[in-house]
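Enquirer: The residues making up each chain are set out below.
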Amino acid sequence: MRKLLAMVVALVMLCSVTSFAAGEETYLGVMLLTNVMSLDTHLATDGESFEVIADCIDGLTQMDAEGAAIPALAESWDISEDGTVYTFHLRDAVWSNGTPVTAADFVFAWRRIVTLNGEYAYMFDTSVGCVKNADSILYDGADPATLGVTAIDDKTLQVELEVPVSFFPSLMYFPTFYPINEAFYTSLEEGSYGTSPETFLSNGAFVLEEYNPGTASLKVKKNDLYYAADSIKLAGIRYQVVGSSDNALTAYKTGALDVVSVSGSQVAAVKKDAELSASLKVTGAGYLWYLSFSQTEKNAQGGMLANANLRLAISNAIDREALVEDYVLDGSLDTYTAVPPQFAASATTGEDFSADQDRFADYCGYDPDKALEYFEAACEELGVTTFTFTMIYGSNEGDEVAKVAQVIKAQIEEVLPGVTINLQSMLKAERLDKMQNDNYDIALTRWGPDYADPMTYLGMWITNNANNYGFWSNAEYDQLIRDCTTGAYITDYDARWEALLAAETLVMQEAVIAPLYTKASANLIAAGVTGIEFHPVALNRVYKNAEIK
Amino acid sequence: MLKYILKRVGLALLTLFVIVLLLFILVRIMPGNPFPSERMNDQQIAMKRAEMGLDDPMFVQFGRYLYKLLIHGDFGNGTSLYYGAPIGSVMTTCIKNSFRIGGMAVLLGSFVGLLLGICAALNRGKFLDGFCTVFSILGVCVPSYVFLIFLQYNLASQTKLLPYFFDEARFMQSSVIPVISMSLFTMSTIARFTRNEMVDVIDSDYVHLAEAKGMYGSRLITKHVLRNALIPIVTVLAPLIVDLLTGALVVEKIYGINGIGKLMVDSIAGEGVDYNYVLALGILYSSLYIGIMMVVDILYGVLDPRIRVSAKGGDR
Amino acid sequence: MKKKMSKTPVNAPAENYQPVKEDFRFLSQQDITVDRNFASQSYWRGVAVHYFHNRRAVIGLIIVSLLIIFAVFGPMMSGYSYDEIVKVETVSSKGKVRMKPATMIAPRIPALHELLTGEEYDDAFKDEVFLFGTDDVGRDLWTRTWYGARVSLLIAFITIFIDMIIGMSYGLISGYFGGMVDNVMQRFVEVANSIPRLVIVSVLAIFMAKGMGLVVVALLLTEWIGMSKIARAEMLKIKEQEYVLASRTLGAGNGHIIFKEILPNTIGPIITQVMFSIPTAIFTEAFLSFVGVGIMLPQCSVGTLIEDGFNNITTLPYQILPPIIVLALLMLGFNFVGDGLREALAPKLEDM
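Protein chains in written order, with this note's numbering: chain A, 1 to 549; chain B, 1001 to 1316; chain C, 2001 to 2352.
If a hint is listed, it holds; no wrong ones were tucked in.
Here are the simulated DSS-like cross-link-like pairs (lysine-lysine), alpha carbons at most 27 Å apart as the crow flies: (1) C:K2096 <-> A:K271; (2) A:K271 <-> A:K281; (3) C:K2096 <-> C:K2126; (4) A:K271 <-> A:K253; (5) A:K219 <-> A:K253; (6) A:K434 <-> B:K1048; (7) C:K2100 <-> A:K370; (8) C:K2087 <-> A:K370; (9) A:K272 <-> C:K2096; (10) B:K1096 <-> A:K221; (11) A:K271 <-> C:K2126; (12) A:K253 <-> A:K549; (13) A:K298 <-> C:K2210; (14) C:K2100 <-> A:K272; (15) A:K370 <-> C:K2096; (16) C:K2087 <-> A:K271; (17) A:K281 <-> C:K2100; (18) A:K549 <-> A:K222; (19) A:K271 <-> C:K2100; (20) A:K434 <-> C:K2210; (21) A:K272 <-> C:K2126; (22) A:K298 <-> A:K434; (23) C:K2087 <-> A:K272; (24) A:K281 <-> A:K253; (25) B:K1048 <-> A:K132; (26) A:K281 <-> A:K549; (27) B:K1096 <-> B:K1068; (28) A:K155 <-> A:K132; (29) A:K219 <-> B:K1096.
Treat the hints as calculated values from the structure; they're not laboratory data.
Since we're looking at a predicted model, the values are computed, not measured.
Using the sequences and the hints given, assemble the complete structure.
Expert: Right under this line is the structure:
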């Protein structure tokens, strides 16, 4: 028996004392919240994937520290007088296999996107990018070759739009618009593009060093062939998917990772620790969390939530300040507007679209008395005094979601007598399914901006939009939005801005949604690490100016 | 014996077929959308469905799936998970990681568990027995991920002896922490079962007889006691092996291991329900399970000749 | 092994002759001696006497009873309800009066703290007692722990019941009859066990209301399998033993042999298996709650409390301790009770 025991001990010792290879000290250790789903621009849908793609591939433009579009592969661009033709002049850049980046690479990539018609293909259609003929290709099966993009020569790319799009250059840094080298792509086995370092080509600051689909850790290293290689200070980035906020904090404390994001009670712990709180950086994550109310007959006790007063009552019963200060904790902003603050600034005045959070104080805010007033009005109109609604939320959508759902339930039930909210957690996929099939009463849901314009939010509430989960419909609103996308206001920037504000007012007056808070990300960044740029839109983190001192 | 084994294998294949069919049907009626998109409109989703053949009658889909699987060994591609990559290749990496770590955990867990159980049984009522009881209770009560965090904190972060996250380049070192934490449940269960089985066997008449004949020490234990105690232990161990090989989900997630457990949860509890992944993993799991059960059945015969005799007869 | 009964008449040729019942008679007409002393003792009384002579078994019973008492009355003792967010009016830094929830407070007894340090707590909740602290929503963990214990005990008992009834009978029958019966029954187990539970439960959730009922059905579907395997293995081990043969020779029916003769001898491993399926059931329930088919928040169970605590394991370690300790005590108690029962039900000579 003793012999056996000795063997076990020896075995364990052997396992643990074997020598260690020294890790690459200069690589930046960065935490990812979820897996990188795909490095193919046509398939990627999540922020993590976009971030890694953008590390490796440059688009026509790139983001500066404030999120404005600055030249990247396009050295400069000309806009035709009517604003519908963009001509991009490409710089001399090469792919990581040595072939030059040409205008044809863009044409190939863009046609591929509209042909395959993936989740982000809509960035080309008239709701966003308005690239010529995109709608007819995407929805009517027209020939993808008719897409309004042409390679005039190797270094000149011409893009035709249906109507002028004021923010078009800033769309160009979104990964959906990135180029793919056709010769390389076609040399690969079908379906293998972007599944390993060998099947992925970079032209950006970094090249893929270690990756396979589903991996929890991946590495990118500096691309020496990058046209601005001199300005890249990092030797590489080591990404690690970290499952829990608690583990992220420990990993940061022990130096296993240099950049992590923490949430909930970990933020509280960080704030209590002087040393840690010094390296805390809160950045906007862009997501607006809101309550969606189903307004159709078949839900909510026969369409009770179609009553605007009832919705307003609920919206006014929620103490958003307590929500962010006592529960979410990570620096998220309590929000009282349908378009969240801090992501869309006016091009002419530079003022944030939602800077004034008190604009809708009459319709949205924490005011138990007003909530009761609305509630009494609703009871009178509906002839009912007790309501039981089910609120659905995703259990796999972040640590704080279940907490927020429970607190909202408590708040509503406390303020509004006769209202009972039953919580129903489910996986995100099921929640989406339920909402898309209009099979819910109230849902706790979120939306992240795809581009820096209020339209990314306001476009959702037009009649029959796929994201209009409440099935609200208002002719005046529809007209306003149409005027802003394809109609009267497209050439008059300020008038469009005003029209969007008017549209938002309509949404808020009727409490189509109850905005809750704008998610922030509480990041811990190791001492000596500088220059990482955080953005709430498109690319969450950019490392081109990052440095480890 | 050979005929018995062949019959057993044939039956296993038949069972597997039934399972695949059942799984196929169940997975397709699961709630949740295989294309969980917030940005595609109905028309686009309809196109995707048609492309994947999801609108065909179920038996046509099943036939196509089986054909692809049997003829080309092709599990298809993901619908909502790691979309680009073929499932076969994604799974291979995961299997490699999970099997290696799970295998080590099985070895460690069953070996130490057996040892502990034997020691406890031989020292019934003494300190070691009490220790074994408390140990096995803690081992099953405290989830393996709590042990993982504990080890991560103490071994990886305080002493920097081991990597904090899983690193394929340093496979052995980065296996230590997950292997220990995953093996504790098995260890506890096996220890407890061994102890109780041994106690029963030690009290039995034939052991008393063997003792009376002057047999003692390790020879008595291995020849008489252990052999008889082993059947229920093997039975308990078999499903534990399958569970360990197919990965401990939270351990894999926390320690960053790209394994089967993580893949399974991603495919059901991820953004969408990924039909093809759920199916592929279900087939993997059931083949493993059926395979191991088959081995156990055959092992029974080896461990206890009486069972072999009765299995052959089956005349009641 | 049962020999075919011959209907051959008595005057048949000698080489084919099979003895029949009528060929035999008792030598004497005396009654067979019956041990009246032994028979007069009630079986269950003997078990009880035996049980209560075992110190560990009694301790186990006390632990389990205490847990049950706390699970029933514990939530009432704190004065908070399990879903109540404890709030106190405070003045914020901006000078606004607001209700502050008691989130993330470590276990505290103000009187004791004052006694030990001579100081009061310097926050808004200096007068509140939180024996186990509060969670990050601001609810009393003492109340929630015992409320959760209530739910989990229920689940544990259901699991035991399912295990015992379905699993044991299934395994014993399958093992006893062997051959074709065993083959078919074992293949069914393989099918039942091979379909991921999450798939079954998700499909079931379409037809059933989510909640406790679904959890029970989900457990019912898979939890018995482990037990049936054990019971079958035990049966395979035991059925060839001499006493079974003896019983069969004496004409005992299959049912009698399985449940009266063999079952009591398999009780040891079966009880062990039951013990170990309790935590599995509790964690399964927690996982089901996570995917949204289990109990719904703000309700809780020991499993969900452990998972919640796990999210804050290094920052707020006190959150995970109470549920884990409750679970460990539950296991320890059941274990002692189980061992005691085993020894009381199948006493060995030397224990008597």
